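Undergrad: These protein sequences, in sequence, are chains A and B.
The first sequence begins at 1 in my numbering and counts up by one.
The second sequence begins at 1001 in my numbering and counts up by one.
These are computed hints drawn from the structure, not numbers from a lab.
These numbers come from a predicted model, not from an experiment.
Where is the CB? At the ideal position from N, CA and C, for every residue including glycine.
Treat the hints with care, as some may be off.
If you only want the chain A side, here are some residues facing chain B, beta carbon under 7 Å, derived [as the list claims (entries may be wrong)]:
(1) 5
(2) 9
(3) 10
(4) 44
(5) 103
(6) 106
(7) 108
(8) 111
The following label-pair restraints were derived from C-beta to C-beta distances [unchecked claim]:
(9) A/1 <-> B/1050: 39 to 47 Å
(10) B/1028 <-> A/41: 26 to 34 Å
(11) A/60 <-> B/1113: 22 to 30 Å
Mimicking DSS-like on lysine-lysine, the simulated pairs with C-alpha atoms at most 25 Å apart in a straight line are [what the hints assert, rightly or not]:
(12) B/1097 <-> A/52
(13) A/56 <-> A/68
(14) B/1065 <-> B/1007
(15) A/77 <-> A/60
(16) A/56 <-> B/1065
(17) B/1097 <-> A/60
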Amino acid sequence: GNSVTQMEGPVTLSEEAFLTINCTYTATGYPSLFWYVQYPGEGLQLLLKATKADDKGSNKGFEATYRKETTSFHLEKGSVQVSDSAVYFCALSGTTGRRALTFGSGTRLQVQP
Amino acid sequence: SAVISQKPSRDICQRGTSLTIQCQVDSQVTMMFWYRQQPGQSLTLIATANQGSEATYESGFVIDKFPISRPNLTFSTLTVSNMSPEDSSIYLCSVVKGDTEAFFGQGTRLTVV
């Protein structure tokens, strides 16, 4: 079945540091890939997505590229802010008509001033 | 996009009782999904709520414990039955709009004492 593997957290960075959160997946077919963010006390929000190989999703300074050859979708940001502190989830959509999401375990990011 | 309202936002319940969570969407959708997020964990799909037919449950989840209703294309309920402390989690409703994008309710934070 489908699965998503994310790097363990928490990740603690200083403001303006470079961020990478690794995500790899296993799926049959060609899933769509997502990063969701959960800010403290809030619901899940879509951060970015990519629907086919070599697509790059971007939003709020975050980027991730759909790499089919390495089955990866790593999240990056060049300069993090304190306000980026949250839990980040990598996810993939169902293939073969299954549209529910499969989530990774989540990575907590803490950015210190 | 889709706006999802979930009620209640939180509750504290006695073991052995049941709680029904409501999910209202601002537009018609074919499939609605219920997820569970246990403390510090990722999201796990409980079931897919289909209008006009029985819900489809994932491995490890059964209808007697998590009965679901889907009376129309904008509304669904999830009941957590005969609760135990292990059921303490956040329960989330989700829909998919367009090809791939999933939207989530704010969640229901359930504590069983």
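Undergrad: Run every hint past the structure and note whether it holds.
TA: We went through each hint and held it up to the structure:
1. With its C-beta approaching chain B no nearer than about 11 Å, residue 5 of chain A sits outside the 7 Å limit, and its interface hint is violated.
2. Taken as an interface hint, residue 9 of chain A does not check out: its beta carbon lies about 10 Å from the nearest beta carbon of chain B, beyond 7 Å.
3. With its C-beta approaching chain B no nearer than about 11 Å, residue 10 of chain A sits outside the 7 Å limit, and its interface hint is violated.
4. Because the smallest distance between the Cβ of residue 44 of chain A and any Cβ of chain B comes to about 4 Å, under 7 Å, the interface hint for this residue holds.
5. At its closest, the beta carbon of residue 103 of chain A sits 5 Å from a beta carbon of chain B; the interface hint therefore holds under the 7 Å criterion.
6. Interface restraint check: residue 106 of chain A against chain B, minimum CB-CB distance 5 Å, threshold 7 Å, status holds.
7. Violation of the interface hint for residue 108 of chain A is found here, the shortest Cβ-Cβ separation to chain B being roughly 9 Å, above the 7 Å cut-off.
8. Annotation: residue 111 of chain A was flagged as interfacial toward chain B, and the flag is violated, the nearest CB pair being 20 Å apart, outside 7 Å.
9. At roughly 20 Å, the beta-carbon separation of residue 1 of chain A and residue 1050 of chain B lies outside the given 39 to 47 Å, and the hint is violated.
10. Between residue 1028 of chain B and residue 41 of chain A the beta carbons are some 30 Å apart, a value that agrees with the proposed interval 26 to 34 Å.
11. A C-beta distance of roughly 39 Å is found between residue 60 of chain A and residue 1113 of chain B, which places it outside the suggested range of 22 to 30 Å.
12. With a C-alpha separation of about 18 Å, the suggested pair residue 1097 of chain B and residue 52 of chain A falls inside the 25 Å cut-off, and the hint holds.
13. Of the supplied pair hints, the one linking residue 56 of chain A and residue 68 of chain A holds, its CA atoms being roughly 12 Å apart against a limit of 25 Å.
14. Taking the CA atoms of residue 1065 of chain B and residue 1007 of chain B, the gap is about 19 Å. The hint holds against a cut of 25 Å.
15. Distance check on the hinted pair: residue 77 of chain A and residue 60 of chain A sit about 9 Å apart at the alpha-carbon level, within 25 Å; holds.
16. The hinted pair formed by residue 56 of chain A and residue 1065 of chain B fails the criterion: a straight-line CA distance of about 41 Å is larger than 25 Å.
17. Proposed proximity of residue 1097 of chain B and residue 60 of chain A is supported: the alpha carbons are some 22 Å apart, at most 25 Å.
The structure does not agree with the numbered hints 1, 2, 3, 7, 8, 9, 11, 16 stated previously, though it agrees with the rest.
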